[in-house]
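A.B. asks: Sequence lines, in order, name chains A and B. All the letters of the first sequence, read from the start, carry residue numbers 70 to 383 under the numbering used here. All the letters of the second sequence, read from the start, carry residue numbers 134 to 372 under the numbering used here.
Be a bit skeptical, because a hint or two may be false.
To be verified - Heads up, incomplete: computed chain B residues facing chain A, CB under 8 Å, no partners named:
{"id": "1", "residue": "209"}
{"id": "2", "residue": "229"}
{"id": "3", "residue": "237"}
{"id": "4", "residue": "240"}
{"id": "5", "residue": "243"}
{"id": "6", "residue": "247"}
What the hints assert, rightly or not - 30 Å max Cα-Cα, derived BS3-like pairs, lysine-lysine:
{"id": "7", "chain 1": "A", "residue 1": "175", "chain 2": "B", "residue 2": "202"}
{"id": "8", "chain 1": "B", "residue 1": "211", "chain 2": "B", "residue 2": "245"}
{"id": "9", "chain 1": "A", "residue 1": "175", "chain 2": "B", "residue 2": "245"}
As the list claims (entries may be wrong) - Selected chain B positions facing chain A (in silico; Cβ < 7 Å):
{"id": "10", "residue": "185"}
{"id": "11", "residue": "205"}
{"id": "12", "residue": "206"}
{"id": "13", "residue": "215"}
{"id": "14", "residue": "223"}
{"id": "15", "residue": "224"}
{"id": "16", "residue": "225"}
{"id": "17", "residue": "234"}
{"id": "18", "residue": "238"}
The hints are simulated quantities; they were obtained by calculation from the structure and are not laboratory data. Bear in mind that the values here come from a model prediction, so they are computed numbers and not experimental data. Here a beta-carbon is modelled for each residue, glycine too, at the ideal position from N, C-alpha and C.
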Amino acid sequence: MFLDRFWANTINGLSYGSIYALVALGYTLVYGVLQLINFAHSEIFVIGVFGVYFTFLALGFQPGQTPNVPLAGIIANLVLAGAVGMILAGVAAVILERVAYRPLRKRNAPRLAFLITAIGASFVIQQVFRITRGSNPEGTIRLLPPEPLFRIFGAPVTNLQVIIILAALALFVVADTFVNRTRLGRGVRAVAQDPATATLMGVNRERVIMITFLLGGLLAGAAALFYLMTIPQGAVFNGGFLLGIKAFAAAVLGGIGNLRGALLGGLILGIAENYGQSLFGGDWRDVVAFVLLVGVLMFRPTGILGESLGKARV
Amino acid sequence: MSLLQLSDVNVAYGRIQALRGISLTVQEGQIVSLIGANGAGKTTTMKTISGLLGLQSGSMTFDGEDLTKVRADLRVRKGICQVPEGRGIFPGMTVLENLDMGGFVRSDRRSKEFADDQERAFTYFPRLAERRHQVGGTLSGGEQQMLAIGRALMARPRLLLLDEPSMGLAPQFIQQIFRVIEDINREGVTVLLVEQNATQALGLAHQAYVLETGEVTRSGPGSELLADPTIQDAYLGVS
Ligand SMILES: Nc1ncnc2c1ncn2[C@@H]1O[C@H](COP(=O)(O)OP(=O)(O)OP(=O)(O)O)[C@@H](O)[C@H]1O
Ligand SMILES: [Mg+2]
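One chain only, chain A, in its complex shape (with noise of 0.2 Å):
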């Protein structure tokens, strides 16, 4: 059984492996930056699904409707949805940052006031969803049914599947080279590493946080889209709970506060996921990833790259 859907599996858990690793990345530059885990990114992630939703309901999509649009309009608009996402996602988390986290670092509070504080504002955040939307999940709305393209191994590749993973890596790509090779980037990894040096050399480091902030925001945003393609059901108030509590894992596991590290720690926290619900059921599918992040934690302390941005590569 698990020998027969092997590829299906590993195929399946590479799509789902993507938006986690999306959503770690946000928690990967935060931390590489404030060593700070934001745990309202969630409900960043949140608010980029809402955002798609409203754009698809807004584009004219009906739940429980097929549309009867071309494919190239489909992907228009699954592009526009996707960008209204994003940016929703990336000015809501520089607004939590101003309005959450900045007041408490010009007193110097102590770490726990931020980490109560963004346990606070991910409540707050869900509730807002909760009290105007309810609790029940919005209406089902599918702009492009899964189809299969071609075959690996006998295992079925789903157009899908083929855009997220790929669009995923490209939008790693871009977030890579940005923090590596670009001006501003060598300035989030100097404040990452050393943030009084860092504003010794120039670099604004309140500056830093915010851009730190917006791309996390932008980056979960396209999660949310491609989340929503494999689970058009998925808009609803907690919908970021246990995605986010995943990508956090992921970011822990591929080594947090390194970029690479949480793309790959998505991308095998997603296909171990698929593993071990073929393996043990579908039930045992969520402990998988937590069996597997505190197996590698004993063994690696600081993740499979080790942590921080650059700094682990000593």
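Start from chain A and add chain B with the ligands according to the hints.
C.D. replies: Leaving out everything else, chain B with the ligands in the frame of chain A:
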């Protein structure tokens, strides 16, 4: 002409008063040394000038402009570069990347001059040349100190703040560092130097200040303080 002027500056860490009414002047083109025992407030003075610390009261001008109004990260654009105590090398960046960070505020980062400036760091410190692709965290302490100085020069400073550049270095490296400091000064860079190594620091200083528990207790030309018996007693280890 005075490039940097501090008058009656007070700085505190919470309740701990670290600087009490410090006044000092750095003339353009000079090497000014600041000596004092551990905890006297030397590093605090440097951080106040570079903007990492704010001041409670007093005034601070650079080139006639009120420096207290200039945000810390913008002071390097004015020409103030600090080599921090403990060197502050970015551990995950290579030697070249660290040098590149030094020139972060420059707009000509793809130009020939920029590359030439990087090469100049290697001329000052040939040891770094062979290690240009090694990450900062794996350099030895002395190599890191050289890199920190080279990096600060990348911003083309008018005023270079050096906080204990000889700390933890072998004697032959100390000689090299002090030689380079004089070279840099000869090229027109004003230097404010904090040192435990008082003999050396006073030896090359045009002007020097002695700091004791947050107050300036003595000042004068370096050679004058070097010859002073009370200074010799307290800081030079000769009796
Ligand atoms: N972050 C801080 N919080 C509280 N007190 C501090 C802090 N940094 C320095 N101090 C105190 O301020 C005083 C001056 O410290 P400073 O680092 O300026 O001394 P220094 O002259 O550079 O000494 P050293 O030669 O040991 O480097 C010391 O008494 C020190 O304990
Ligand atoms: Mg000191």
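A.B. asks: All hints are to be evaluated individually against the structure, with a verdict given for each.
C.D. replies: Evaluation of the provided hints:
1. 209: holds, 4 Å
2. 229: With a closest approach of 11 Å, the residue 229 of chain B hint is violated.
3. 237: Cβ of residue 237 of chain B sits 5 Å from chain A, so the hint holds.
4. 240: violated, 10 Å
5. 243: Constraint on residue 243 of chain B not satisfied, violated at 10 Å.
6. 247: violated, 12 Å
7. A/175 / B/202: holds, 18 Å
8. B/211 / B/245: holds, 22 Å
9. A/175 / B/245: Given pair residue 175 of chain A, residue 245 of chain B is violated - Cα atoms ~41 Å apart, limit 30 Å.
10. 185: holds, 6 Å
11. 205: holds, 5 Å
12. 206: holds, 5 Å
13. 215: holds, 5 Å
14. 223: holds, 5 Å
15. 224: holds, 6 Å
16. 225: holds, 3 Å
17. 234: Holds: closest Cβ of chain A sits about 5 Å from residue 234 of chain B, inside 7 Å.
18. 238: Where the cut-off is 7 Å and the nearest Cβ of chain A is about 4 Å from residue 238 of chain B, the hint holds.
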